[in-house]
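**Student:** Each chain, written out:
2 protein chains.
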Amino acid sequence: MKYYIGIDLGGTKVRVAKVNEEGKIVEEYSDFSHGLEGPRELILNTIISLIDKIDNVKGCEGIGIAVPGPVDVYNMVMPMAVNLVGFKDYPFAKIIEEKYQIPVYLDNDANMAGLAEAVLGAGKGKPIVYYLTHSTGIGGALIINGKVVSGQMGYAGEIANIIVKDNCKKINENLNAGAVEAESSGTALARKASELYGETTSTKTLFENARKGNLKAQALIDEAAKNMGRLLATIGQIVDPHIFVIGGGVSKDSDLYWPKMIETYHELFNGIKPALVTKAELKEPGVLGAAMLVKERGNV
Amino acid sequence: MKYYIGIDLGGTKVRVAKVNEEGKIVEEYSDFSHGLEGPRELILNTIISLIDKIDNVKGCEGIGIAVPGPVDVYNMVMPMAVNLVGFKDYPFAKIIEEKYQIPVYLDNDANMAGLAEAVLGAGKGKPIVYYLTHSTGIGGALIINGKVVSGQMGYAGEIANIIVKDNCKKINENLNAGAVEAESSGTALARKASELYGETTSTKTLFENARKGNLKAQALIDEAAKNMGRLLATIGQIVDPHIFVIGGGVSKDSDLYWPKMIETYHELFNGIKPALVTKAELKEPGVLGAAMLVKERGNV
Chain A
1 MKYYIGIDLG GTKVRVAKVN EEGKIVEEYS DFSHGLEGPR ELILNTIISL IDKIDNVKGC
61 EGIGIAVPGP VDVYNMVMPM AVNLVGFKDY PFAKIIEEKY QIPVYLDNDA NMAGLAEAVL
121 GAGKGKPIVY YLTHSTGIGG ALIINGKVVS GQMGYAGEIA NIIVKDNCKK INENLNAGAV
181 EAESSGTALA RKASELYGET TSTKTLFENA RKGNLKAQAL IDEAAKNMGR LLATIGQIVD
241 PHIFVIGGGV SKDSDLYWPK MIETYHELFN GIKPALVTKA ELKEPGVLGA AMLVKERGNV
Chain B
1 MKYYIGIDLG GTKVRVAKVN EEGKIVEEYS DFSHGLEGPR ELILNTIISL IDKIDNVKGC
61 EGIGIAVPGP VDVYNMVMPM AVNLVGFKDY PFAKIIEEKY QIPVYLDNDA NMAGLAEAVL
121 GAGKGKPIVY YLTHSTGIGG ALIINGKVVS GQMGYAGEIA NIIVKDNCKK INENLNAGAV
181 EAESSGTALA RKASELYGET TSTKTLFENA RKGNLKAQAL IDEAAKNMGR LLATIGQIVD
241 PHIFVIGGGV SKDSDLYWPK MIETYHELFN GIKPALVTKA ELKEPGVLGA AMLVKERGNV
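Heads up: the sequence lines are chains A and B, in that order.
In this text, residue positions in the first sequence follow our numbering: the first is 1, and each later residue adds one.
In this text, residue positions in the second sequence follow our numbering: the first is 1, and each later residue adds one.
Because the hints were derived from the structure by calculation, they are not lab data.
Any given hint could be a false lead.
Taking lysine to any residue pairs in the SDA-like style, the calculated list, with each CA pair at most 20 Å apart, reads [said to hold, decoys possible]:
| id | chain 1 | residue 1 | chain 2 | residue 2 |
| --- | --- | --- | --- | --- |
| 1 | A | K147 | B | R297 |
| 2 | A | K147 | B | I51 |
| 3 | B | K169 | A | N270 |
| 4 | A | K216 | A | T201 |
| 5 | B | K165 | A | H242 |
| 6 | B | K147 | A | H242 |
| 7 | B | K273 | A | K216 |
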């Protein structure tokens, strides 16, 4: 049996797991990452001390690291590192590789979640998998034959910024007016619900209201669902995947928006057949995906 | 030196070329394809009689065929064949493979043009190339490390149908209202120019008028250019290519719309850096791309 080390490095926590080739976690350790405070040496040393707890590191095939932000997979660095102080252009992956003398691979957490779903989860066995996370934000990942497409600077899958509606307000400086994340993410739903009710309202409350039969709540959800469907159609015209896998917190209430999303996707996609759209299956896609990045030997 | 046979099979004509590993055509034959009239046996026999003219077919590495329409590359058939009578689900590629006993690969003509540009033309040396053809229609192709991404049913790259503008008229039943092909293709420009001038006006005349300083003509072109820029940004957020390569008839007048297209692309893309955007270089991308499909051993 071969083993891979997967690391899920977040701004708050870091998890290190030893995973076997069937995707089973056989050992796992976690700690606070100090990502938001730094300094970077403390972040790196925390990772290293967790790796050192793993039994027989040098007997593993390699180490995969999932990070919160885009990765330049050609140079193995983060060109931007909002949630990891000092990690911009920091060659921590190479430092770890030199220390343990086994291959180290790096990619962002959304891509790793997608890879895990493609290799071990809902997309298993499908050649072209498109993974979406529908949560406070919206992200995506394209996985072809087990290989993640990261892009020239790690921006493949940064679908949050795709415009799905014209004549919208610009919500923040990082997103286009009418971007799908500004119109259909959990954050967007909470914002719109708060506007609707004239008081701070969570996405959870909005979904609860819709479940109680509140038509205005459902209309707001329907609008977001249509935007998601348009996003699926757009992605479909570009990569025509075998399957869409959707994870993230908002997808837990999928029964309330799924039918409208699918209807719009089918309406706007003109291919031979639309892809299957299914929910994500895995509970810990971060470390699993990072481990699978080793198994698949990095990106395309 | 290795040799590959490339075939560009269109509704009207078919071209067969022997290409060396440097992308040089060393032998070439063409004929009417009878694609629009059929029957399919006549189309197939025409192809075969052209292949038979090639010197030492069995000494070639294989045969690549570019066809006008989506290809199911997993089953090596066309799931739809508007311009080739009787070719829907027809295993002609397998028939040719059995006859010559060398590998046969199949994909659509836009993908093959993109592959040629990626391997031999403007995208040479770049890991992720996105090719667009801006002509009477609009098509695309994603090529990663020399491999074309065709999609589950050959619809990857069928970007014509991506919505780039809301509240537009639906122009024809095959395209979404506001689809980029309905708003920015050569056909769309001619339609809009005809509306503008109140008489049938070609794209050529529209561009000539803009060159003479006609502001209304330039405004119409600017609008189309913005839509193209939005398309580039959308593709960029999904695959973050190293380079966009743009070919096709309309791109010959690129000086009149390129700056506005690039400006919009940069404005709407929020990645670390936008991709280089450049013009296509090759004159005969169809046969060359088909030959390169053999060199790269088919699709991903």
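**Student:** Determine for every hint whether it applies to the structure shown.
**Tutor:** For each hint, the structure was consulted:
1. Distance restraint check for K147/A and R297/B: the Cα-Cα separation of roughly 18 Å lies within the 20 Å cut-off, and the hinted pair is therefore satisfied.
2. Straight-line distance between C-alpha atoms of K147/A and I51/B comes to about 36 Å, which puts the hinted pair past the 20 Å bound.
3. With a C-alpha separation of about 17 Å, the suggested pair K169/B and N270/A falls inside the 20 Å cut-off, and the hint holds.
4. For a cut-off of 20 Å, the pair hint linking K216/A to T201/A stands: about 14 Å separates their Cα positions.
5. Distance restraint check for K165/B and H242/A: the Cα-Cα separation of roughly 27 Å exceeds the 20 Å cut-off, and the hinted pair is therefore not satisfied.
6. Proximity of K147/B to H242/A is assessed by CA-CA distance (about 18 Å); at most 20 Å being required, the pair is judged to hold.
7. Proximity of K273/B to K216/A is assessed by CA-CA distance (about 41 Å); at most 20 Å being required, the pair is judged violated.
Of the numbered hints listed earlier, those contradicted by the structure are 2, 5, 7.
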